[in-house]
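Visitor: Sequence:
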Amino acid sequence: ASSSSNQASYDLDKLSYSNTQKRWARRYEGAWLKETRYLSKNWRESIKVSQFPANSSVRTRAELDYLIKFHNSLSQKLKQQILRERSLFSNGEFGQININTIFFAEENPIQDLFIAIFQDLKIAVFHFKNKYNRVRPHYLESKIKPFIFTPLHPSYPSGHSTYAHVLAHLLSKLNPKNSELFFKDAKRIGKNRELAGVHYPSDTAAGKQLANDFFNNITANPEIKVLLGKAQIYWEENNLSHNFIIAPKYK
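Here the sequence shown is numbered in my numbering, starting from 1 and rising by one per residue.
Rather than coming from a laboratory, the hints here were simulated on the basis of the structure. Treat the hints loosely; a few may be bogus.
[As the list claims (entries may be wrong)] Derived pair list, reagent style PhoX-like, types lysine-lysine, alpha-carbon separation capped at 25 Å:
id: 1; residue 1: K184; residue 2: K69
id: 2; residue 1: K77; residue 2: K225
id: 3; residue 1: K34; residue 2: K184
[Said to hold, decoys possible] Simulated restraints, written as ranges between beta carbons of each label pair:
id: 4; residue 1: E45; residue 2: K79; range: 23 to 31 Å
id: 5; residue 1: K22; residue 2: Q51; range: 39 to 47 Å
id: 6; residue 1: Q232; residue 2: Q119; range: 15 to 23 Å
id: 7; residue 1: N238; residue 2: D65; range: 23 to 31 Å
id: 8; residue 1: N42; residue 2: Q76; range: 23 to 31 Å
id: 9; residue 1: N238; residue 2: S73; range: 42 to 50 Å
id: 10; residue 1: E45; residue 2: V226; range: 32 to 40 Å
id: 11; residue 1: N239; residue 2: A54; range: 22 to 30 Å
id: 12; residue 1: D65; residue 2: N239; range: 31 to 39 Å
id: 13; residue 1: Q119; residue 2: V58; range: 22 to 30 Å
id: 14; residue 1: K225; residue 2: S18; range: 37 to 45 Å
The beta carbon of each residue, even a glycine, is placed where N, CA and C say it ideally should be.
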């Protein structure tokens with residue numbers, strides 16, 4: 001019995017992204033091989049993302065049970081919110097700020113800062129996704145049935161959690177008084193991906209940690225410091241802390 005149990009654990013632990021979903025979305029293939037512009041030269045060693053819990057571990061089993069419990073009892077309102085958040089840059093909301101007012105606006109210093117940072121962030125996120133190659137939750141537990149399209153890349157760390165927390169860090173630099181709100185929204189966005197059935201809680205936690213380390217690393221770059229300074233001046237000159245509008249909403 002012990003031998004068969006050990007074999008079952010071994011077989012479970014062999015499951016990965018590359019032997020379940022197998023192919024990457026074309027737009028993400030090889031993203032981790034590109035060179036970053038603003039991160040330190042040794043960022044792949046200095047930014048740490050710990051190994052995720054084994055598929056057969058007690059912790060992973062507990063995470064799967066948690067996902068089953070909440071995944072099957074979502075309100076229609078929450079499902080609609082999760083659907084809107086599939087693309088953070090089109091529909092991600094932080095306080096009263098819709099992120100598309102940055103990425104689809106006329107050029108401004110805030111947009112320049114965000115684009116510079118997120119070009120490097122994409123490379124960092126997919127470096128770790130490729131490194132860890134984690135299988136999505138529903139391949140370990142058939143009771144989990146994602147109601148959104150399962151992304152064509154590995155589960156760990158959560159890209160949504162990472163991006164949302166970097167956005168929270170950035171917005172906090174521009175509007176410190178609302179920092180608590182921004183991080184609350186980042187937490188919601190990460191958790192919603194769990195409820196959708198496409199991420200484990202440990203994916204979300206790793207995304208948050210990656211965001212912290214990434215942000216500390218990239219904001220030490222002198223060029224990013226200059227871009228941040230210009231963005232802060234633009235924010236203040238346009239009184240954006242008062243009206244929460246960065247630019248006319250893209251239509």
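Visitor: The structure should be examined with respect to each hint, and the outcome stated for every one.
Guide: Status of each hint after checking the structure:
1. K184 x K69: Between K184 and K69 the Cα gap is close to 23 Å, so the pair holds against 25 Å.
2. K77 x K225: violated (40 Å)
3. K34 x K184: It is violated: about 32 Å lies between the C-alpha atoms, which goes past 25 Å.
4. E45 x K79: 23 to 31 Å: Violated: the Cβ-Cβ distance is about 41 Å, outside 23 to 31 Å.
5. K22 x Q51: 39 to 47 Å: Distance hint for K22, Q51 is violated at roughly 22 Å.
6. Q232 x Q119: 15 to 23 Å: For Q119 against Q232, whose Cβ atoms are near 20 Å apart, the range 15 to 23 Å holds.
7. N238 x D65: 23 to 31 Å: violated (48 Å)
8. N42 x Q76: 23 to 31 Å: Roughly 48 Å apart at Cβ, these two residues miss the hinted range, so it is violated.
9. N238 x S73: 42 to 50 Å: Holds - the Cβ-Cβ distance for N238 and S73, about 43 Å, lies within 42 to 50 Å.
10. E45 x V226: 32 to 40 Å: Violated, since E45 and V226 (Cβ atoms, about 26 Å apart) do not stay within the stated range.
11. N239 x A54: 22 to 30 Å: violated (52 Å)
12. D65 x N239: 31 to 39 Å: violated (49 Å)
13. Q119 x V58: 22 to 30 Å: Distance hint for Q119, V58 is violated at roughly 39 Å.
14. K225 x S18: 37 to 45 Å: holds (39 Å)
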